[in-house]
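Visitor: Listed in order, the protein sequences are those of chains V and A.
The opening residue of the first sequence carries number 1 in this note's numbering; numbering runs sequentially from there.
The opening residue of the second sequence carries number 1 in this note's numbering; numbering runs sequentially from there.
Just so you know, these hints were derived from the structure itself, not from any lab.
All residues carry an ideal CB built from backbone N, CA and C; glycine is no exception.
Any given hint could be a false lead.
As the list claims (entries may be wrong) - One side only, chain A facing chain V, incomplete, derived with CB under 7 Å:
id : residue
1  : G54
2  : T55
3  : M57
4  : G61
5  : W71
6  : G77
7  : Q80
8  : S82
9  : R94
10 : I95
11 : F205
Unchecked claim - With a straight-line Cα cutoff of 20 Å, these simulated SDA-like cross-link-like pairs (lysine to any residue) come out:
id : chain 1 : residue 1 : chain 2 : residue 2
12 : V       : K68       : A       : Q87
13 : A       : K124      : V       : N131
14 : A       : K124      : V       : T63
15 : A       : K188      : A       : L177
16 : V       : K68       : A       : S82
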Amino acid sequence: MRARKLRRRATKAQNNKMSSVSEGHGPDIPVQHGLRRGDAAARSPLAVTLSVWRALMLREALTRLFSKRAAWAWLMAEPLFHISYMLAIFTGLRARTMGGIDIVIWLISGMCAFFIFRRTANQLEHAIDANMALFAYRQVKPVDTVIVRGVLEGILMLVVSLIIFGAAGLWGHDILPDAPLMVAAGVLGLWLIGLGWGLITSVLTSLISEMSMLLGFVMMPLFLLSGVFMPVSSIPQPYRDWVVLNPIVHGLEAVRLGFTPYYHAIPEFDLGYLFLWALGMNFMGLVLQRRFAERLVQQ
Amino acid sequence: MIVVDDVHKRYLTDHGQGPWVLQGVSFTIPPGLSVGVVGRNGAGKSTLLRLIGGTDMPNRGRIERHCRVSWPMGFGGGLQGSLTGRQNAKFVCRIHGHENELNERVAQIAAFAEIGDYFDEPVKTYSSGMRSRLQFALSLAFDFDVYISDEVTSTGDAAFKKKAADAFKSLTGRSSLIMVSHGEGTLKEFCSAGIWLHEGRAQWFDAIDDALRAYKETIPK
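One chain only, chain V, in its complex shape (with noise of 0.2 Å):
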């Protein structure tokens, strides 16, 4: 009953997105007031699709790096900001190496690969409430705008990186990675929790509007725990088996991993669990926006 609900949902959504070009073309009669006819034959479904994403993905971009002053530039500014206070106290407090690594490399590793999850998952979380105006064109579905902000947000945050990463580079640290598909694995999974993350938290604070602030309670803690700054391998037992339940953990670990393998590991490492947590919310959240789709846009 409940498939059989869910699969007529979905043909009529997909109705809906074809129902502009479908059938009818009137007869073609010269227009009057100068504006052009003839429109493209029916599109298919995934054509639709695509040209919304297309058309998102640059207004997306536009907003996000010109919409301010200089906003590209301050793109940069937060995740900087935390690396060089953070290396400031560091050197204050006379530490060279953490785990067995060049503390920058260490700091700039772990900063960047929090960032691309934190990042991520902030800007999905008011995706759809930012893109309320465009549901008025039944083409644009909210999940649309989700998917697309993500896919931004985490090429943003890869130049970000590679620039903090090219800085300390001519600063003359080793910035080049021992196993880069480890790098890359590490990332992905980070980046897919954000995605996870921003799909279910849009539909969460549209529906109910004190999501927002509980969500912002719970970021705090999450950057303190996992292992940005502070080594988890220095948590004493029994703590530490509670906090490497976080998939994030995983996911620095990985990070940091690949770029020395001297790096002292959590002996708890495994990147099968990051990406399992990453499954599981992706899932979850695509779930949350299909069965909320229709109540998403309602004004």
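Got chain V; can you put chain A on it based on the hints?
Guide: Quick look at chain A alone, frame taken from chain V:
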């Protein structure tokens, strides 16, 4: 042809389900027939247009569109405030699959909207008249069988109203209109049939004059 069959609609408010706005609305709009929707404020006119335009879904019942229907132009939105008019125009062209003739279409939209340099300013700086000029130009840039207008001309100046009227007239024979307006003259000018929304139900009239008369009889004197 547009079939509206037993459509029910209510909105979710902060304190649970709101009252029914539409309660069992059924009618069929044949191809090429322009329809005016009348009813008092809050009768569900805009809701009905949003449902027909596919922007929102009914709680119960179904709506079939056997033709190309525009999005509801008017108060319903469709313009992203932080983007300029030009960027909005490009967005709409792209989602309708006109990537390859983008520049021509945007130029035509700009020419029709006639908002001058404001076309390159963010939409949130627009006056309501300028917004409706842009919305109107946007929807006319595409080939629809039915255009949905939610008071799109009411905030415009005399020049724009005339332009809109000319544009609507030029559509006759190829496309039709579904419009909400509180201007009796506008309705009589463009619509032949009428729908009167009253207490969640719709009544169909083959002549717009009869719909207006039925509507006016309920207004206390």
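Visitor: Could you tell me which of the numbered hints above are not met by this structure, giving the numbers in increasing order?
Guide: Hints 4 and 11 not satisfied by this model.
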